[in-house]
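There are 4 protein chains.
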Amino acid sequence: MELEGCSQTAPEDTGLHEACGVFGCVATGDWPTQLDVAHTICLGLVSLQHRGQESAGIVTSMGSNDSLHRQKKGMGLVGNIFTEEDIVRLRGNIGLGHTRYSTHGESDTSNVQPFVVETLHGLTAVAHNGQLVNARTLKRKLLRHGVGLSSGSDSELITQLLTHMPECGEPDGANWVGRIKRIMHETKASYALVIMNKDKLYAVRDPIGNRPLCLGKLLPAATFSGKKILDDSEVDGWVVASESCAFGSIGARYYREVLPGEVVELSKKGVRSVYMAPKHKQTPPALCIFEYVYFARSDSVFEGQMVYMVRQNCGRQLAKEAPVDVDMVSTVPESATPAAMAYAAAINRPYGEVFTKNRYVGRSFIQPNMRLRQLAVAKKFGALTQNFIGKRIVLVDDSIVRGVTMIPIVKLLKAEGAKEVHIRIASPPIKYPCYMGINIPTHQELVANKVPIDQLADYFGADSLQYLSVEGLKAAVTEGIKTEAESGHCVACLTGDYPVEPDW
Amino acid sequence: MELEGCSQTAPEDTGLHEACGVFGCVATGDWPTQLDVAHTICLGLVSLQHRGQESAGIVTSMGSNDSLHRQKKGMGLVGNIFTEEDIVRLRGNIGLGHTRYSTHGESDTSNVQPFVVETLHGLTAVAHNGQLVNARTLKRKLLRHGVGLSSGSDSELITQLLTHMPECGEPDGANWVGRIKRIMHETKASYALVIMNKDKLYAVRDPIGNRPLCLGKLLPAATFSGKKILDDSEVDGWVVASESCAFGSIGARYYREVLPGEVVELSKKGVRSVYMAPKHKQTPPALCIFEYVYFARSDSVFEGQMVYMVRQNCGRQLAKEAPVDVDMVSTVPESATPAAMAYAAAINRPYGEVFTKNRYVGRSFIQPNMRLRQLAVAKKFGALTQNFIGKRIVLVDDSIVRGVTMIPIVKLLKAEGAKEVHIRIASPPIKYPCYMGINIPTHQELVANKVPIDQLADYFGADSLQYLSVEGLKAAVTEGIKTEAESGHCVACLTGDYPVEPDW
Amino acid sequence: MELEGCSQTAPEDTGLHEACGVFGCVATGDWPTQLDVAHTICLGLVSLQHRGQESAGIVTSMGSNDSLHRQKKGMGLVGNIFTEEDIVRLRGNIGLGHTRYSTHGESDTSNVQPFVVETLHGLTAVAHNGQLVNARTLKRKLLRHGVGLSSGSDSELITQLLTHMPECGEPDGANWVGRIKRIMHETKASYALVIMNKDKLYAVRDPIGNRPLCLGKLLPAATFSGKKILDDSEVDGWVVASESCAFGSIGARYYREVLPGEVVELSKKGVRSVYMAPKHKQTPPALCIFEYVYFARSDSVFEGQMVYMVRQNCGRQLAKEAPVDVDMVSTVPESATPAAMAYAAAINRPYGEVFTKNRYVGRSFIQPNMRLRQLAVAKKFGALTQNFIGKRIVLVDDSIVRGVTMIPIVKLLKAEGAKEVHIRIASPPIKYPCYMGINIPTHQELVANKVPIDQLADYFGADSLQYLSVEGLKAAVTEGIKTEAESGHCVACLTGDYPVEPDW
Amino acid sequence: MELEGCSQTAPEDTGLHEACGVFGCVATGDWPTQLDVAHTICLGLVSLQHRGQESAGIVTSMGSNDSLHRQKKGMGLVGNIFTEEDIVRLRGNIGLGHTRYSTHGESDTSNVQPFVVETLHGLTAVAHNGQLVNARTLKRKLLRHGVGLSSGSDSELITQLLTHMPECGEPDGANWVGRIKRIMHETKASYALVIMNKDKLYAVRDPIGNRPLCLGKLLPAATFSGKKILDDSEVDGWVVASESCAFGSIGARYYREVLPGEVVELSKKGVRSVYMAPKHKQTPPALCIFEYVYFARSDSVFEGQMVYMVRQNCGRQLAKEAPVDVDMVSTVPESATPAAMAYAAAINRPYGEVFTKNRYVGRSFIQPNMRLRQLAVAKKFGALTQNFIGKRIVLVDDSIVRGVTMIPIVKLLKAEGAKEVHIRIASPPIKYPCYMGINIPTHQELVANKVPIDQLADYFGADSLQYLSVEGLKAAVTEGIKTEAESGHCVACLTGDYPVEPDW
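Protein chains in written order, with UniProt numbering: chain A, 1 to 504; chain B, 1 to 504; chain C, 1 to 504; chain D, 1 to 504.
Hints were generated in silico from the structure; no laboratory data involved. Everything hinted at is true.
With a straight-line Cα cutoff of 27 Å, these simulated DSSO-like cross-link-like pairs (lysine-lysine) come out:
#, chain 1, residue 1, chain 2, residue 2
1, D, Lys419, D, Lys357
2, C, Lys181, C, Lys281
3, D, Lys474, D, Lys281
4, D, Lys482, C, Lys414
5, B, Lys379, A, Lys357
6, B, Lys379, B, Lys419
7, B, Lys482, A, Lys419
8, B, Lys181, B, Lys141
9, C, Lys181, A, Lys141
10, A, Lys379, B, Lys357
11, C, Lys141, A, Lys141
12, C, Lys198, A, Lys141
13, D, Lys391, C, Lys482
14, A, Lys482, B, Lys391
15, B, Lys482, A, Lys391
16, B, Lys419, A, Lys482
17, D, Lys411, D, Lys450
18, C, Lys391, D, Lys482
19, B, Lys198, D, Lys141
20, A, Lys357, B, Lys357
21, D, Lys181, B, Lys141
22, A, Lys391, A, Lys320
23, B, Lys141, D, Lys198
24, C, Lys268, D, Lys379
25, A, Lys268, B, Lys379
26, C, Lys357, D, Lys379
27, A, Lys414, B, Lys482
28, A, Lys320, A, Lys431
29, A, Lys450, A, Lys414
30, B, Lys141, D, Lys200
31, D, Lys141, B, Lys200
32, D, Lys357, C, Lys482
33, D, Lys414, C, Lys482
With the sequences and hints as input, model every part of the structure.
Given below as C-alpha cells:
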C-alpha cells in the first residue's frame, strides 16, 4: 500500500488515512527556557506529518495564571504553515500541537486543531486523535444543554464536554482531572488527547487504548554526545506524542507509553500518572492493528517493539503461510519494504527492486484525451526493466484497499518482460468500516468486497495472490511485545468485530 | 549521496546539482492531434524534474508559418507551474520544454528557459542543458557585434549565436542546420539542445556528447496494451529528452540516442539525422560519468545499459576492491541502494535498512539556540534501532561531496547501538570543478580536498572508509555498454583531465 | 478626517473605525430563483465595505429543513475573498453576510463572521454589528453554564446566548423569536443583528437603536427601467442591510428602517414585524451620531434623511458658529467635501481644491533614514499649488481624531505658498471612548485630550481652528429628520454621557 | 472620463490607457548616501502609478565600473511588488524605475521594464515611455543584423539599437551620447527614456517631445522645513520623472523639463545638457494633448503650467462654447472635477455632487443572470438623490471614449429624479488611433465614430450634449504656457493629423 507522498497537491486518493497526530511539550525550567517549546513542537509535528497532511496548529502559553495563549493554525504541511516569525512569536514554556487529515469530506479552516476555548477556569486547548464512537449521543446531549457547536468535529465536542460539566458544581469546577474522568466515563473510544490549561498538560488515552500515545523526556544538549543522564531533575522538559518517531529530532528519549485509560499530567515539575480507568472485561485493550501494518512510521515503538520489526514479522509469517517459487522478491515502493525483505529471506530468494519512484509527481490533470490516462502509474514509477526481465517476481505489499493501482502495476511489469507476477499481501483483506478514526473507503470501494478473493489474482492480472491470515497477523504483532501491561488489538476492519459499538 | 528532496523550500545544499533537463515533442498528425503535445511535454518534464527543480517552461506552436508561439514559464516545480488552463492554452502540434536548476547563485525569472527570440526567419525557441566551455569568448564576440545580452545564461548566448550569423549572408539565412553546424564549429562542449522553429525541432548533442540526449517514438494508445507496432508511419509523434526515463509516462518507446556531434531533425514527417560532426582525435566522446553515478534516474538507459545496472556494477566492483567483515550492509536512503545491495550480495552479507526517511521535512529554521542544531539529521532520518543494535554495519554511499551529513549519521548510528560503522563509497573522491554544467562546491568545500583520504574515516567517526578507484568506476561503467558507437566518459572532476579546456 | 483607502495593506491607523456591516437576503421564489442570493449578498457587502475591510463571510442555505448551510469566509476585501466559483457554490434562496474591521488588536480567522453553530433546532448563523455593553457579565454567565467560548468576539457570545437557553425548556425550544426577545432583555446595546435559521432571517436592532439597520425590497428586473411596482407580491426578495447604500447595485428599493427594539422576520412570504421591545424612559433611542458625521456612506438614508444632506447641514451650521474671512474654502479629500461646500456657500466664498489624491498609495516601508519620513503626507496628497498660491484658505474637516496628519498638511500648504491656513471641524472634539462598537484610540491619543482646544491651532501650525458645538451638531442632525418614530442620538464620545453604562 | 481605479483586478476596460511612467535617480554623495536611492525610486513610481498599473521594476547600481546591477521586477502595483527586503537589497547610488500598462493584449513578465542588457561597455538599463512610429523598420533592421529579439516590446528594440552600433567602430564604442544621438536620428517619436550605465543616467526626450519628462533636485532633509537652498552643490541628488507629481513625496524640487530632442546627463556631479537635436520644420514640438486632458496627475506641471489649471481652462472655455441653463453643474467623479467647477463658475451656477463613489469596487463576476447586469454602474456610484432631485443638471466630463458607462449614468440620474441631464465634454471627440503610446480602442469602438455627434445626446438618453472644439482645447492649453521654449501639441487622435507618420 502506498502512503501518500509529500506533494502538496491533491493525492490520488486510493488508500487509508490516519486522521491525526498530537504532540505536547512542557519545559522544566523558567522562561526564557533553554528549550524552545514552539520549535520543539514544530519539529515534533514534522515527524508526525505522515499522520495528517491537511492542516496543523500550535498553541503555546507562558504557563502563568493570566497569560494569553498564542496560536497559529493553517492549511497544508507543517513546513509551510509555520514561519520563523511564527515560531518566535509563539513564546511560552508549555504548548501543544496537532496535525490533521480530514476524515470528513470538506476541508475547512474552522476544524483545524488544537481547539482553544475560554472557560470559567481559564483558557483550555485540546488536541485530539481519534473518533468518538458515541459522538451522536454526546452531541445531542450538549445541544440539549443549549451549547451551540460551531464545527462538526469530535474535537470541539470533547472540548465542550470538558468545559460543560454543570453537574460538577462550582467546588470542583477547576478540577480538570475530574472533568477528564467524566469524559472517560461518557465515551470509551477512541481518543488520544493532549489537553492544556494554565500550566499543565494532560495526556489522555481512551480505556481501550485504540490510538497510541507515548511520553518522552527532553535531554539537555550536553547529553546528546552520549553522556548518561542520571535522573528526571536533569531533563529540559517532557513531551507527549502520538508516536515515538517524534523524539529523535528534538533530543528526546522514549520514556514510556500512556496506558489505555490513563491520564498523565505533565508540568514543570515532571510527569505523574493522575488517573487510571478501572479495567472492564468488556473493554480490553484494542490498539488499532493498522498502526503496525501501515500508519505508524517504521521507527516508532509500540508496546516495546519497533514497528519495523513487526512488519518484518508479517513478511516472515506470510512466507510461512503463502510461499511461492520465484526468481525475485520485490515490492511497490516503499511502505512494504521490511515485509518484502523478510519474506525474501524466509523463502531464500533474492530481494530486488523493480521500480524507481519519481519523487516529483505533483498533481494530475483532468486528462483531455484517453491517450495518457492509462499511463498514470508510469508517472509515479519507472520500471527497472533490465533488473527483472525474464524473471518470475513476487510483489509483497502491506495491504490492499481499493486496489486501483495494482492492475496497471502488474500490467507494466508484464509489458516490460516479467515472466510471472505473483502478489502476496502482508495483512488480511480489509472488509469493514472503521468508526474510530481511520478513513476507510466505503464498503463497495474496498476491493476485497468487490471481487471474490479467489478471483483477485485474475482481477489484477497476476499469476497468484494470497493474503496473510488474521491469526498470522496477530501472531506477527504479538510475538515481540515487550510490555508488562495487558495488550490487545482492534482488528474490526478485518473481522467486523468492533471493540465498542458506535451509536448509529 | 543524498539527492535533494521534493520539498519546495530551500534544500540544505550539500551535494552536486545537475543544471537542466530538456524535452521536445512533435506530433505526426494534423491539428487537432490525438496527441496532446503540451500535456506530453509537461509529463516529460515531471519525469526530468530530478535534473532541475528551480524553474521550468514550455513553448508550443501550431507549426505553421505565421503561427504564434505560446509559452508559460515559472519558478518552482513543474507540477506547480502548469495549471490545467495553461495546458489547454498551450495549443500546438510541436513544442519544447525545459526544467532547470540554477548554476549561478541568483535565481531569476529572466533566466527561465526555453529562451524564445524573434529572428528574421521566424520565432525560434531553444532549450539547453550544459555549460559552454568557451562562453567568455563567445560572449565577447557577440557583444563586439553589438548584441545586448539580457540574461547571464549560456542559453541566451546560444540562442543569439544561432540568430546572429551576419557572415551567413541572406541566401542561406533560413538554413537552420547551417546555423547549428556553425555553433558546433564555434563551441565543442557542453550542450544538449532542443531547438524549435516554425515546424521542426532540432535535437543537438555536442561533439563530445557530454550531456545525454535520446529519442523516443510516441506509440498510438492502441499499442499500450501490448500490440506490436509495425513501422514509423504508425507513430503518434516523436520526442527528444535528456533521459529515457521520460518515456514511460507518455507512452513513448525508446528509439535511440542522439550521437555525439549529431543533429537530428524531428518533424511531422518523422526523424532524420541531418548532420554528424566529423570526428577528431582531440575530442573523443566524453559523457559525464556522474550521469551514471548519481544524476540520472536509475531507470534511464545510456549507451544501451540501464543506469541501475551500472550502479549495481559499481557496488560489485567496490566489494572486490574494498570488502569488509560486517554483519549487515546498508545505505543512507536512497540513491545508493542498488550499489549497496550489489555490494551485500558480493560479500555475501545481508542487506538491511538502518534508517527510515521522513518525506515531509520542509524548510529548516535558523535555529534560535544550540539545543536543536546538532539534531538536524534526525529530522530527516529515523533510526531503525532494533534492526541494527549490536551489529557491525557497512554504509555504502554513491559519492561524497561536502561530507557534512556523514558525521551526524555515523554518530547517530553509534549512539543507537551500532557496534561498528564502516563507509564504502561507490565512486572515487571528487576533487576538481566541472566546467560543463554540474554545480560542484568550491575546491575548499569538497571534503576530499579538505581532509586527507586516509584520515576521512576518523573525520567521519567511522571505523573504516574506502572509495572505489577511477579504474574500477570506468570498468563498472563500460562492462555493460551495448552500443556500436564509440564511447568514452568524462572523469574530469575525479582526475582533473578536462576533455576540453575552458577559456578562463 | 480621512477614511482609510482601499489599499490592501495596513493603513496608517489614524482614525476611527466602524466595526462591521451586516447584510441578509431572502428570495421570494422557489429554487432556482430569478434572484442570485449569493451574488446579491456579495454585491451588498461590497457596498458596505467602508464599514469593515479586514474580513468578510457569506452563509447561504436552501431554506429547507435538512439543508446544509454553505459558507465562505476570508481575510481581506470582499472583492478578493469571493471568487466566481464561490458564488456559484453558495447556492440557496436565503443567506446572510458580514464585513468586519477588528475592534480588537489581533486579526484572526476564527473571528470572521457570520458565526455558524449547530443547535438542537438546526443550524443557526449570526451576523452582528456592535459591541455588547455588558459582554463581561454575559460571558461570565455562559462560562458558568459550562459553555466554552472559542473566539473572543461578541458575536460568538450572542450566538451562544441565542442557543443557550436552558430556562426556555424544551417546549418553546425552537421558538427563535422567544430566544431573541430574551437576548433583548439581557442586553440593551449595541447590536444590529441578522440571524438565519432554516428558512427565515431575523433582523434585530437593539432597544436604543445604536447601530443602523434597514430593509429593502428586491425589484424584478423588469422594473429597473422605471415601471411602477404594485405590491409586495411582485418583489423578487427582501434584503436587510446596515445601510441603504447597499440597495442601488442590487436592484433593491429602500423599504423602511428596522426600529430600535424591533425584530423583523424576513422569509419567502415577505417581511413582518414580530416583536417590538417596550419603551423605557431610561433607554430612549440613541443612534450613534458618528454614523452621520463620518461612518456611513453619504448616499445612505437614516431617519428619512440622506447622510450627505446632514453633512451639508453640519457645514452650514459650522459657518454660522465659526465663520472666517478667507479667499478660498477647501478640504482634505474626501470625506468632508459636502460640509466644506456648504460652508463655502454659507460664507459666500468660493470652494476650491488644494490637493489631488494619489489613489495608489500602498503600504509604507519602515523607513531606513530620516530623510523621507517627514514627507509621508506628500505620498498621499499632491498640492495643487497654482490653485491656491498666495491665498487665505480655510480647510473644513469632518472630525479630528489623533490629528497626526493635520500638522504636515498645514505645513505643506504653507510651504507651497498658502498665505493663511484656518481649520474648521464640522463636529465637536472627540474626548471619550466608545463602548458600543467604534474603535476609538485611547484617551491619551485623542488630540482633543492631548492639547488644550485653544492651543490646537498653534499645535497644527494653523492660523485659527474652531470646532462645531455639540448643540450645533445635534441641530444639524435633527433638522431634516423625516420619520415619525421617536429619535435620539448617542453623543457619548463627545460628552461622556453614555446611554447605557458598560459593565466594567 | 473615468481613470481606472486602484482595484487589483481587471478593470472594466472602457477608456484610454497611458503606457508607462519612467523615473531615474542619482545621489550626489558617496555610498552609503544620505539618500536612499531605491526607496526614492519606489516612492517616485508610486506617484507615477496612474501612468501604468500592470507591472513595475527597479534597477540600481553602485555606480562603479565593475558593479553588478541589482533589480526587481514584478506584475501588479508598485506597493505590492517591492517589499522592505527588496528596497534594502537594491543598494546603490544610482538607479531607475518603470511602471507600465501593457499596450499589447498579452501581459507577460518578459516585457516588464526596465530592460537590462550586458554590452561590451558594461551593463545598460533602459526605461521607456512611448511607442516607436517606425518600430517595424527598426526591428527588421536589427533582425537583419542577426539580433534575436526576445520580447515584442519597443523597449527591447531601443535597448538593442542602443547596443547594436556596428558602424560606430570600437573607438567611440563607449560613447553613449553618440549612441543616443544615432537613435534620435533613426526614430523621431515617441520616447521619453531614462538610460543608465555605469555611473550616469541619460534623460532623453524625442525630437517632438511627445511624451513628457522633467528634472528635479533632491533637497537635503534640512531644507524640508523651509530653509532656502543656495546652489546645486548642496543637493542630495537628482531625479528625472515622467511627471513632476513624483517630486513631492521624495523631497525633490522641480528643476526644469527635458526639452524636445534634448539629452540630459545626470551623474554624481549634477545635471548637464549634453545634446540638443537640431530643429526641423517638419517636426515641431508635439506634446500629447491628452496628457493635459486626462493622463497626467493634476498637480503635475508641463510647460510651466499646472495641469489642474489647464483643466479649469478647458471647463471655462467649454462654458463659453456650450453654456446651458441648469440648476446645478456636476460631474462623474472624479477626473473632470476641475473642468466642472470652472464651468459652474463661468455659467454662474452652483457646482454640486450627484454621486458618491464606492472605493472598494473590486472585480466583477461574469454574471449568471440578467438581473444584476444592468446595475453595474450602481456598484461604483451611489446617487446622492436628495442633493439633485427635481433639478436640471449638466454633467461635465473630460472626455468620452467608448461611452459605455454614460448610458446607465444618465438613466440612473433620471430614475432618481433629475429633471434634465445635459452632457458637456471638456475636449473634442476622439476619432483616430494613436501610434505613439496611448492605447485607444479600435475605430469602431470609439463612440464618436459609432454614433453621429448630433445623435449622441439621444444615444445617451441625455437632454443635450456638446463637445469642446479643437481650437477651444488648444486655446485652453496654450493660454497659460510659461516656457520660452517653442511649444506645440499633438492632437492626432482628434484630427487625424499625425506629427510623424507610422511605418505601417
